[in-house]
Amino acid sequence: MVFDRRLLLRGLFQGAAVSMALPFLDCFLDESGQALAATGKRIPTRFGTYFWGCGLTKELYLPKSDSGPQGGAETRAQYLARLAKYEDTPQLASLKPLKSKFNLFSGMRAEVDNKGNFQHWTGVAAISTGIAPTQDQRFDAQTIDQTIADVIGHTTRFKSIEVSCSGNKNESYSSLGGANTNPPETSVLGLYTRLFGPGFQDPSKGDWKPDPHVMMQQSVLSVVAEDRKRFMQNLSANDRARMEQYFTSVREAEQQVAAELQRPEVVAQVTIPQSPEEMPVNKSVPALQKVVPVMSKLLAIGLATNQTNVFNMALAEPASTIFMPGDSKPFHQATHEEPVDPAVGYQPVTSKFSTYSMEMYAALLKELDAVQEGDGTLLDHSLVLAYTDTSYAKLHGLDGIPMLLAGNASGRVRTGMHIAGAGSPVSRVGLTIQQALGMSIDKWGAGSMETNKPVSEILV
Amino acid sequence: MNTKAVALAAIFGIGLTGVTFHAEAAPNNVIAPSKTEVAGLRRLTESEYRNSIADIFGSNIRVEGRFEPGRRVGGLLSASSAILSVTPAGFEAYSKMADSIAAQVVDEKNRAKLVPCKPKSASAPDDVCAIRFLTQYGFLLFRRPLTPEEISRRVALADDMTKSSGSFYTGLRYSLATLMSAPDFLFRTEIAVPGEGKNYTLEPYSRASRLSYLIWNSTPDSQLLQAAQTGELNTTAGVTKEVDRLMASPRLKVGMRAFFSDLFQLDNFSNTTKDGVIYPEWSDQVAASAQEETLRTAIDLTLTSNGDIRDLMTTRNTFMDRTLASIYDVQFNFKGDWEPYSFPESAGRSGLLTQVSLLGMFSHPGRSSPTERGVAILDILMCQPSPLPPPTVDLSAIDNNTDPNLKTVRQRLMAHATNPTCASCHRRTDPLGLSLEQFNSVGARRDRDNGELIDVSSAIGTEKFSGAVGLGKVLHNDPKFPACFARKLYSYGTGANTDDVKPAMFSAAFKTFTDDGYRLRTLLRAMATSPEFFSAPPPVDAAKPVTKAAN
Numbered sequence: 001m002v003f004d005r006r007l008l009l010r011g012l013f014q015g016a017a018v019s020m021a022l023p024f025l026d027c028f029l030d031e032s033g034q035a036l037a038a039t040g041k042r043i044p045t046r047f048g049t050y051f052w053g054c055g056l057t058k059e060l061y062l063p064k065s066d067s068g069p070q071g072g073a074e075t076r077a078q079y080l081a082r083l084a085k086y087e088d089t090p091q092l093a094s095l096k097p098l099k100s101k102f103n104l105f106s107g108m109r110a111e112v113d114n115k116g117n118f119q120h121w122t123g124v125a126a127i128s129t130g131i132a133p134t135q136d137q138r139f140d141a142q143t144i145d146q147t148i149a150d151v152i153g154h155t156t157r158f159k160s161i162e163v164s165c166s167g168n169k170n171e172s173y174s175s176l177g178g179a180n181t182n183p184p185e186t187s188v189l190g191l192y193t194r195l196f197g198p199g200f201q202d203p204s205k206g207d208w209k210p211d212p213h214v215m216m217q218q219s220v221l222s223v224v225a226e227d228r229k230r231f232m233q234n235l236s237a238n239d240r241a242r243m244e245q246y247f248t249s250v251r252e253a254e255q256q257v258a259a260e261l262q263r264p265e266v267v268a269q270v271t272i273p274q275s276p277e278e279m280p281v282n283k284s285v286p287a288l289q290k291v292v293p294v295m296s297k298l299l300a301i302g303l304a305t306n307q308t309n310v311f312n313m314a315l316a317e318p319a320s321t322i323f324m325p326g327d328s329k330p331f332h333q334a335t336h337e338e339p340v341d342p343a344v345g346y347q348p349v350t351s352k353f354s355t356y357s358m359e360m361y362a363a364l365l366k367e368l369d370a371v372q373e374g375d376g377t378l379l380d381h382s383l384v385l386a387y388t389d390t391s392y393a394k395l396h397g398l399d400g401i402p403m404l405l406a407g408n409a410s411g412r413v414r415t416g417m418h419i420a421g422a423g424s425p426v427s428r429v430g431l432t433i434q435q436a437l438g439m440s441i442d443k444w445g446a447g448s449m450e451t452n453k454p455v456s457e458i459l460v
Numbered sequence: 001m002n003t004k005a006v007a008l009a010a011i012f013g014i015g016l017t018g019v020t021f022h023a024e025a026a027p028n029n030v031i032a033p034s035k036t037e038v039a040g041l042r043r044l045t046e047s048e049y050r051n052s053i054a055d056i057f058g059s060n061i062r063v064e065g066r067f068e069p070g071r072r073v074g075g076l077l078s079a080s081s082a083i084l085s086v087t088p089a090g091f092e093a094y095s096k097m098a099d100s101i102a103a104q105v106v107d108e109k110n111r112a113k114l115v116p117c118k119p120k121s122a123s124a125p126d127d128v129c130a131i132r133f134l135t136q137y138g139f140l141l142f143r144r145p146l147t148p149e150e151i152s153r154r155v156a157l158a159d160d161m162t163k164s165s166g167s168f169y170t171g172l173r174y175s176l177a178t179l180m181s182a183p184d185f186l187f188r189t190e191i192a193v194p195g196e197g198k199n200y201t202l203e204p205y206s207r208a209s210r211l212s213y214l215i216w217n218s219t220p221d222s223q224l225l226q227a228a229q230t231g232e233l234n235t236t237a238g239v240t241k242e243v244d245r246l247m248a249s250p251r252l253k254v255g256m257r258a259f260f261s262d263l264f265q266l267d268n269f270s271n272t273t274k275d276g277v278i279y280p281e282w283s284d285q286v287a288a289s290a291q292e293e294t295l296r297t298a299i300d301l302t303l304t305s306n307g308d309i310r311d312l313m314t315t316r317n318t319f320m321d322r323t324l325a326s327i328y329d330v331q332f333n334f335k336g337d338w339e340p341y342s343f344p345e346s347a348g349r350s351g352l353l354t355q356v357s358l359l360g361m362f363s364h365p366g367r368s369s370p371t372e373r374g375v376a377i378l379d380i381l382m383c384q385p386s387p388l389p390p391p392t393v394d395l396s397a398i399d400n401n402t403d404p405n406l407k408t409v410r411q412r413l414m415a416h417a418t419n420p421t422c423a424s425c426h427r428r429t430d431p432l433g434l435s436l437e438q439f440n441s442v443g444a445r446r447d448r449d450n451g452e453l454i455d456v457s458s459a460i461g462t463e464k465f466s467g468a469v470g471l472g473k474v475l476h477n478d479p480k481f482p483a484c485f486a487r488k489l490y491s492y493g494t495g496a497n498t499d500d501v502k503p504a505m506f507s508a509a510f511k512t513f514t515d516d517g518y519r520l521r522t523l524l525r526a527m528a529t530s531p532e533f534f535s536a537p538p539p540v541d542a543a544k545p546v547t548k549a550a551n
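Here the protein sequences line up with chains A and B, keeping their order.
The numbering used here applies: residue 1 is where the first sequence begins, and numbers increase by one.
The numbering used here applies: residue 1 is where the second sequence begins, and numbers increase by one.
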């Protein structure tokens, strides 16, 4: 349908509610029976990442029970049941209440492909792009959250929301490629304002109507977008790529604005909170322990009210400098300088920081799981990947980087298992996630991390 | 194309030419647009954006929003502006800021001052007024005249929006917002044309921007844009005249504060946390004051006193406020917020090296870090970035403070520096940092570490020195410091990665700087007026030199 924006705007300014036939933007991912609530409303599937630096302590998180490949005499069902029977480990204790709702991956490798191990970076880029980075602090391709957001992120006000729990504006590992990263929210109030500040309309309220200002904004954006052809002339290849990214951002803003003109269909029963008090945001563990649950709750409500379908939360940077007040050594420094205690076989101080990092992932999941939505919880309608940059941080190890994937993507993922990767590439997890979300993709990654082998054990 | 727009623009006597503007400015050297190249595309930094908006619309216009972070390249954030783009979340923020600024500009409070004409009716389109408004601000925001097509599309939008909303000013607001969301505003597009020999040179509007962002950290004013329009900036005399005018303005101080802030990496403070249990005296206010102290010291020495920049390594003169006085353990009984202060010799302080800023930023939250400090000194002052440590290093020895022979940081560092792989770098970094060990993680003076008297004797190669004062003298006398300083200023101005800048690119300016006793004003003027400052390599596909354009 062609509609006359000017007429429509005039109507809006005069206070008349106009029903619009904008293109139906909801995506194919919601077509599973499980994603429809009893009310017949669609429940979108969400994707999020949780990044923490410096890995885990193998001696404290890795289950010892047999997670080997399917045996000859073993049926598929027996094999999957065996994977689900892994013992509790100390470093994952905080996740125990949700044990049936996530999968633990161990033993997978990030390959460097002769490009060198950029310490605390190669692992980040390998897991999030499937490609060993050619430069420090640059992504060779867009990160997985953005690839997914291209599919599920255009029906909401925000394509994705990034959060830095320690308040560092450089701490975001979400990118369209290159040196740019999507800037994160760095405070509780900042996150609240972005989600529920000016421009937000509570979709559960009866008086929801498209904002005329948003319509105007659409016209502004189309004028900006029209400059693309002229601007791209005479550019070097490098600048051309940068400007492609800029105009992609403009185009995405247009899509988000179009989404804003539709009333979100909200199934969850959530109340929009009052604006929170600002809280101290820094790298001390006690501050993080306070901030992470609050930010997680805000994110959960933002997801439940369809403000976004994609989020990225970073606890701290890859060479994590989170610290305990009174102890002069931050996490990263401890990983390198703390000797292994021969009595226990690991680094005691370092391992505590890893445990805290898991506790904060558990805090995020708890908030997502607390939101009831149709026949399940928000977490059930999501996939939340927790990943880190290294396995053994002391030596910047890239073999056996731990990853956790929570949520079942509205029934498309089997959970509760420990999967031992046996040296296979970390990119398998990225491939699996995209397939679970229904994306038509049969291989992912590049170089020796190109893979066409998803973790089939978890795919329903 | 909207012919009415062009006709109306002519009435106002405003140039509406586009890609051929440089050719009009220099009619004897007509260059086909195909001979131009985009030599640089530099995203405005946060401070450049803020200053530009304040200079164009007035400082009462609020700029509220979140800026995309930069990435340090070759030691400078300004160089990263040449590699960064705009992310979706970043664009969302830019377009919100554009809208908020535009709304303020046309607000009833401001329109008498900021809208240059009155519409025939406040509720109907008025193309004459809209064109005038958009031409005036387009010229300032894009730092070049708009093309007729760029104007007419925006006039059409203003008309549309006026009709839908019933307000002429609402129409202006949205069409103004398009200018500030456009890449032509958010990026400084530097266009080069064939120059002497094989090289290309910037056309006048690009020169105007390069000069004003270097000297003022802000957008060119109308006078500078006029000098571009008339072609004056194509001549050395014209450039010199404008450089002298820009340098005579009080905005020079704003510009050089921005340079020092980038050079000394003061933005690191936004990510500096101190352990509140070990250092309860630390606060955000200390961080803010520490940055201000460094900027005040640098500006006072280099601009106000027109001193030798090498003295930044040795001076005992600084500025103090109440917050810093408690860290420096100085009695503060001054009247104003900030007062000049000279440390006594016994304090052992030596220029910027011993200010809270550098000492605090390059330390851990709960302890000093000789290695981080050494790495920072080499990178910031000597243009010698350190490679990443090898990936598989076991540094456990450093933490082995149960060994009675390894009590101090120095002893523990020395122990691991015996490893040959580590030693190649640590031999360079640690002696520098160890000489600063009398200052803790927040920059306060101390004489003991873990109960042991701190030994600050040190050596670089065969040159022995002691403590911060000794280090200050070594750096002051090392020719690598002024050479690095000049190289970084060139990078800062041109957006080139410091690591790629060759001395030949600024050799004449550097000689003037050296001969005149290492003064910032001399260097800045010599660099900004030299033809090399505007030169650009030819496009990759440019086979041979073309007719010369300027200079």
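These are calculated hints, taken from the structure and not from any lab test.
Hints may be right or wrong, so weigh each one.
To be verified - Only pairs whose alpha carbons sit at most 30 angstroms apart, straight line, appear in this in silico DSSO-like list of lysine-lysine:
1) A:229 <-> B:118
2) B:163 <-> A:209
3) B:241 <-> A:169
4) B:253 <-> B:241
5) A:169 <-> B:163
6) A:209 <-> A:58
7) B:464 <-> B:241
8) A:209 <-> B:96
9) B:502 <-> A:115
10) A:453 <-> A:115
11) B:253 <-> A:229
Fair warning: this is a prediction, and the values are worked out from it, not measured in the lab.
A quick look at each hint next to the structure:
1. Annotation: proposed proximity of residue 229 (chain A) to residue 118 (chain B) is violated, straight-line Cα distance about 34 angstroms (limit 30 angstroms).
2. For the proposed pair residue 163 (chain B) and residue 209 (chain A), the alpha carbon gap of about 21 angstroms is at most 30 angstroms, so the pair holds.
3. This hinted pair does not check out: residue 241 (chain B) and residue 169 (chain A) have alpha carbons roughly 41 angstroms apart, beyond 30 angstroms.
4. The straight-line distance between the Cα atoms of residue 253 (chain B) and residue 241 (chain B) is roughly 19 angstroms, inside the 30 angstroms bound, and the hint therefore holds.
5. The hinted pair formed by residue 169 (chain A) and residue 163 (chain B) fails the criterion: a straight-line CA distance of about 41 angstroms is larger than 30 angstroms.
6. Our distance criterion of 30 angstroms between C-alpha atoms is broken by residue 209 (chain A) and residue 58 (chain A), whose separation comes to about 53 angstroms.
7. For a cut-off of 30 angstroms, the pair hint linking residue 464 (chain B) to residue 241 (chain B) is broken: about 47 angstroms separates their Cα positions.
8. Distance check on the hinted pair: residue 209 (chain A) and residue 96 (chain B) sit about 20 angstroms apart at the alpha-carbon level, within 30 angstroms; holds.
9. Proximity of residue 502 (chain B) to residue 115 (chain A) is assessed by CA-CA distance (about 27 angstroms); at most 30 angstroms being required, the pair is judged to hold.
10. About 24 angstroms separates the Cα atoms of residue 453 (chain A) and residue 115 (chain A), which keeps this hinted pair within 30 angstroms; it holds.
11. In summary, the hint linking residue 253 (chain B) to residue 229 (chain A) is not supported, as the alpha carbons are separated by about 39 angstroms, beyond the 30 angstroms threshold.
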